[in-house]
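Undergrad: Sequence:
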Amino acid sequence: MRARSVWPVSETVRPRNKGDVPDDPLSRLRHSASHVMADAVRRLRPNAKVTIGPAIENGFYYDFDTEPFAPDDIERIEAEMAKIIAQNLAFERKVISRQEALVFFEGKGESYKVEIIKSIPEGEEISLYQHGDFVDLCAGPHVERTGQIKAFKVLSFAGAYWRGDEHNAQLQRVYGTAFASRDDLKAHLLRLEEAKRRDHRVLGKQLDLFSVDELVGPGFVLWHPKGAIVRGVLEDLIRKEVVKRGYQPVYTPHVAREQLLEKSGHLAHYKENLFGGMELEGQRYLVKPMNCPFHVAIYRSRLRSYRELPVRYAELGTVYRYERSGVLHGLMRVRGFTQDDAHLFITEDQIEAELAACVRFGMDVLRMFGFEEVKFFMATRPKDFMGEIEAWNRAEAAIRRVLESTGMPFEVDEGGGAFYGPKIDLKIRDALGREWQCTTFQLDYQMPERFELEYVAADGSRQRPIMIHRALLGSIERFIAVLIEHFAGAFPIWLAPVQARVITVSEKAEAYGREVEGVLLAAGLRADADLSADKLNAKIRNAQLEKIPYMLVVGERDMAARVVSPRTRDGKQLPAQPVDDLAKTLVAEAAVPSLGVPNSKPA
RNA sequence: GCCGCCCUAGCUCAGUGGCAGAGCAUCGCUUUCGUAAAGCGGGGGUCCUCGGUUCAAUCCCGAGGGGCGGCUCCA
Numbered sequence: 000m001r002a003r004s005v006w007p008v009s010e011t012v013r014p015r016n017k018g019d020v021p022d023d024p025l026s027r028l029r030h031s032a033s034h035v036m037a038d039a040v041r042r043l044r045p046n047a048k049v050t051i052g053p054a055i056e057n058g059f060y061y062d063f064d065t066e067p068f069a070p071d072d073i074e075r076i077e078a079e080m081a082k083i084i085a086q087n088l089a090f091e092r093k094v095i096s097r098q099e100a101l102v103f104f105e106g107k108g109e110s111y112k113v114e115i116i117k118s119i120p121e122g123e124e125i126s127l128y129q130h131g132d133f134v135d136l137c138a139g140p141h142v143e144r145t146g147q148i149k150a151f152k153v154l155s156f157a158g159a160y161w162r163g164d165e166h167n168a169q170l171q172r173v174y175g176t177a178f179a180s181r182d183d184l185k186a187h188l189l190r191l192e193e194a195k196r197r198d199h200r201v202l203g204k205q206l207d208l209f210s211v212d213e214l215v216g217p218g219f220v221l222w223h224p225k226g227a228i229v230r231g232v233l234e235d236l237i238r239k240e241v242v243k244r245g246y247q248p249v250y251t252p253h254v255a256r257e258q259l260l261e262k263s264g265h266l267a268h269y270k271e272n273l274f275g276g277m278e279l280e281g282q283r284y285l286v287k288p289m290n291c292p293f294h295v296a297i298y299r300s301r302l303r304s305y306r307e308l309p310v311r312y313a314e315l316g317t318v319y320r321y322e323r324s325g326v327l328h329g330l331m332r333v334r335g336f337t338q339d340d341a342h343l344f345i346t347e348d349q350i351e352a353e354l355a356a357c358v359r360f361g362m363d364v365l366r367m368f369g370f371e372e373v374k375f376f377m378a379t380r381p382k383d384f385m386g387e388i389e390a391w392n393r394a395e396a397a398i399r400r401v402l403e404s405t406g407m408p409f410e411v412d413e414g415g416g417a418f419y420g421p422k423i424d425l426k427i428r429d430a431l432g433r434e435w436q437c438t439t440f441q442l443d444y445q446m447p448e449r450f451e452l453e454y455v456a457a458d459g460s461r462q463r464p465i466m467i468h469r470a471l472l473g474s475i476e477r478f479i480a481v482l483i484e485h486f487a488g489a490f491p492i493w494l495a496p497v498q499a500r501v502i503t504v505s506e507k508a509e510a511y512g513r514e515v516e517g518v519l520l521a522a523g524l525r526a527d528a529d530l531s532a533d534k535l536n537a538k539i540r541n542a543q544l545e546k547i548p549y550m551l552v553v554g555e556r557d558m559a560a561r562v563v564s565p566r567t568r569d570g571k572q573l574p575a576q577p578v579d580d581l582a583k584t585l586v587a588e589a590a591v592p593s594l595g596v597p598n599s600k601p602a
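Under numbering that gives the first Met the number 0, read the first sequence as residues 0 to 602, first letter to last.
Hints are not guaranteed to be accurate.
[Claimed, not checked] No farther apart than 30 Å at their CA atoms in a straight line, the calculated lysine-lysine pairs in the DSBU-like style are these:
hint : residue 1 : residue 2
1    : K426      : K195
2    : K152      : K195
3    : K225      : K426
4    : K82       : K117
5    : K507      : K546
6    : K382      : K195
7    : K243      : K507
8    : K571      : K583
9    : K204      : K48
10   : K149      : K185
11   : K546      : K152
12   : K239      : K48
13   : K507      : K426
14   : K185      : K93
15   : K204      : K243
16   : K204      : K507
17   : K270      : K195
18   : K571      : K507
19   : K546      : K534
20   : K374      : K185
21   : K107      : K117
22   : K185      : K546
23   : K571      : K546
24   : K571      : K239
25   : K374      : K426
26   : K243      : K195
27   : K583      : K185
28   : K243      : K185
29   : K534      : K507
It should be emphasised that the hints constitute simulated quantities derived from the structure, not laboratory data. If you're wondering where the values come from, they're calculated on a predicted model, not measured in any experiment.
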């Protein structure tokens with residue numbers, strides 16, 4: 000907003016102490032850029048009301064109450080910002096009383112600012128920041144002068160709700176970013192382009208991995224043959240590892256009576272996410288949103304002894320959850336997905352050993368994909384929790400001990416737990432430095448209680464087991480999306496839908512090409528042959544675009560010498576060699592990694 | 001769900017209130033070729049759906065469907 004008078008110069012760059020306001024130089028720069036942007040928008044649209052404009056992880060945004068922006072507003076706002084920056088105005092800070100602040104912003108008609116002031120606790124300092132004519136309620140800190148903002152960019156517009164609540168006014172958000180140098184900005188914009196290039200939705204189409212069909216329904220994934228191979232490899236791997244570690248595979252139905260989910264508590268806590276209620280013969284049925292109640296049903300199918308605990312049921316369970324249409328996103332956020340799920344039924348004194356084994360298992364699996372950098376998170380009791388606080392405290396203490404015993408640093412996500420128990424989450428870091436949470440281990444005292452699960456203890460008494468819900472990859476769909484983006488579509492050979500393609504130089508080598516393909520297939524490799532009338536260069540190009548790890552060129556020369564001329568997708572040509580030799584090499588290289596032995600390099 | 005933008009050939013995308021276009025792919029023919037696109041020719045469209053305005057709608061308006069960017073990293 001404009002002020003006629005300029006505040007007396009006081010401290011400029013001084014943050015007020017407030018825990019969650021970041022105060023690194025870059026955040027300061029970006030927050031200052033957001034003020035400049037707000038000023039620019041106000042110059043273009045004097046009636047726009049300002050709200051908030053924080054620095055965020057890779058830039059900043061500012062929310063306005065104004066008419067929606069159009070794409071070409073980006074340039075206009077940038078041009079206006081450039082002027083403000085060229086003026087090299089000083090950022091000035093002033094502390095005023097609550098009353099002065101209210102009068103000032105009410106006078107400007109800045110109702111959002113008034114609301115913010117009213118929400119500031121009594122006794123806290125209220126400060127204004129001004130550059131030129133633009134004054135904003137702001138805790139700071141800021142840079143000294145607008146001229147210090149040397150590299151910025153307005154990125155996009157979006158709708159956002161006041162205070163993030165959809166019951167509140169719809170605001171217009173402008174996203175931007177700023178960096179200390181033009182080179183840094185350029186690098187960031189390149190990263191954004193790279194992320195776009197790796198978008199699993201784009202690659203999924205290009206590589207013919209999967210699709211989502213309007214007729215089938217949004218959020219429901221169709222796995223094409225090539226995507227199905229990737230998924231199959233993952234599922235086989237999980238099935239094998241799970242058995243090695245003492246789990247028992249089970250299968251459960253996709254639909255169940257409403258009572259099951261009522262008993263599990265899902266109906267009460269998950270109602271808005273439940274898919275399709277149907278009524279048949281006077282019974283109400285629901286599509287399963289989680290596997291746990293079904294595994295519980297197996298557990299309670301007969302009396303259990305302490306001797307058989309821990310009981311570990313594993314299932315690649317497909318679940319359906321209704322997600323609001325606006326949040327669906329490729330394979331990342333869908334309405335039907337498969338979890339590499341498992342439920343462990345254990346005694347209280349098995350908690351630590353089992354959780355520790357889970358953590359090891361998770362780390363081993365993640366390492367197979369080359370995810371070495373893993374962060375640990377502990378999520379504690381949320382607001383809408385079920386059960387007794389004492390049980391929660393015991394569970395949280397156990398989790399803490401396990402995490403501490405691993406020697407790995409971990410962060411605590413207060414209130415981030417599920418409604419039935421606290422959890423451990425693992426986050427991986429992909430080739431672009433983005434973090435993804437896939438692996439999760441959740442302790443649950445509630446479900447056994449609700450279903451009155453029991454086991455007979457050594458002294459003959461009936462005791463209640465504790466459950467651990469765990470998923471390593473999480474949702475297979477989402478995990479594959481992460482893999483696609485991590486590898487930029489160039490899967491390591493053990494995951495590649497086609498591992499080797501035979502490319503004939505001309506029709507003259509067709510029969511030999513088929514023979515070579517046969518040898519590869521017989522060796523257990525996923526191979527095919529391009530016998531089309533395309534020229535060699537075109538065939539190579541197609542194989543490159545499909546990101547096939549090995550191309551085996553066969554022409555008359557190779558045919559005569561009974562060899563193949565291999566080329567890798569990195570563009571390297573390997574010496575011509577007998578097919579059997581190469582097949583052996585490839586089989587070894589394509590072996591599915593096991594026990595945490597990595598066999599993957601990110602693209 | 002909400003706000004904005006988008007929906008044209010299998011794919012990527014031009015375009016117009018009055019015959020609907022390109023490149024790639026596909027099909028046919030020619031070429032028989034040595035490491036990232038051979039040449040020529042043919043076929044291919046309810047311009048997302050429904051309704052309205054108009055002499056006339058792919059285009060303008062409305063509703064619906066689908067997609068994309070977002071929707072508290074708080075003054």
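Undergrad: Now look at each hint and say whether the structure bears it out.
TA: Consistency of the hints with the structure:
1. Distance restraint check for K426 and K195: the Cα-Cα separation of roughly 22 Å lies within the 30 Å cut-off, and the hinted pair is therefore satisfied.
2. Proposed proximity of K152 and K195 is supported: the alpha carbons are some 18 Å apart, at most 30 Å.
3. Under the criterion of a C-alpha separation no larger than 30 Å, the hint pairing K225 with K426 is consistent with the structure, at around 27 Å.
4. Taking the CA atoms of K82 and K117, the gap is near 34 Å; set against the 30 Å cutoff, the hint is violated.
5. Distance restraint check for K507 and K546: the Cα-Cα separation of roughly 26 Å lies within the 30 Å cut-off, and the hinted pair is therefore satisfied.
6. With a C-alpha separation of about 37 Å, the suggested pairing of K382 with K195 is violated against the 30 Å cut-off.
7. Taking the CA atoms of K243 and K507, the gap is near 49 Å; set against the 30 Å cutoff, the hint is violated.
8. Restraint check: the Cα-Cα separation between K571 and K583 comes to about 19 Å, which is no more than 30 Å; the hinted pair holds.
9. A C-alpha spacing of about 42 Å is found between K204 and K48, which places the hinted pair above 30 Å, so the restraint is violated.
10. A threshold of 30 Å between alpha carbons decides the hint, and for K149 with K185 the separation of about 12 Å falls inside it, so the pair holds.
11. Using a Cα cut-off of 30 Å, the hinted pair K546 and K152 is violated, with the two alpha carbons roughly 34 Å apart.
12. Restraint check for K239 and K48: the C-alpha separation of about 59 Å exceeds 30 Å, so the hint is violated.
13. Between K507 and K426 the CA atoms are separated by roughly 53 Å; this puts the pair beyond 30 Å, and the hint is violated.
14. Restraint check: the Cα-Cα separation between K185 and K93 comes to about 35 Å, which exceeds 30 Å; the hinted pair is violated.
15. Proposed proximity of K204 and K243 is contradicted: the alpha carbons are some 36 Å apart, above 30 Å.
16. In summary, the hint linking K204 to K507 is not supported, as the alpha carbons are separated by about 34 Å, beyond the 30 Å threshold.
17. With a C-alpha separation of about 35 Å, the suggested pair K270 and K195 falls outside the 30 Å cut-off, and the hint is violated.
18. Our distance criterion of 30 Å between C-alpha atoms is met by K571 and K507, whose separation comes to about 25 Å.
19. About 18 Å separates the Cα atoms of K546 and K534, which keeps this hinted pair within 30 Å; it holds.
20. Of the pairs offered as hints, the one joining K374 and K185 holds, with about 29 Å between alpha carbons and a cut-off of 30 Å not exceeded.
21. Straight-line distance between C-alpha atoms of K107 and K117 comes to about 16 Å, which keeps the hinted pair within the 30 Å bound.
22. The suggested pairing of K185 with K546 holds, with an alpha-carbon distance near 28 Å, which does not exceed 30 Å.
23. Taking the CA atoms of K571 and K546, the gap is about 14 Å. The hint holds against a cut of 30 Å.
24. Between K571 and K239, the direct Cα distance comes to roughly 34 Å. Violation of the 30 Å bound is thereby established for this hinted pair.
25. Between the alpha carbons of K374 and K426 the distance comes to roughly 5 Å, so the proposed pair stays at or under 30 Å and holds.
26. At most 30 Å may separate the alpha-carbon atoms for a hinted pair to count; K243 and K195 exceed this at roughly 39 Å.
27. Pair hint K583 plus K185 does not hold up; C-alpha atoms about 45 Å apart against a cutoff of 30 Å.
28. For the suggested pair K243 and K185, the alpha carbons sit about 48 Å apart, so the restraint of at most 30 Å is broken.
29. A hinted pair counts as satisfied when its Cα atoms are at most 30 Å apart, and K534 with K507 qualifies at roughly 13 Å.
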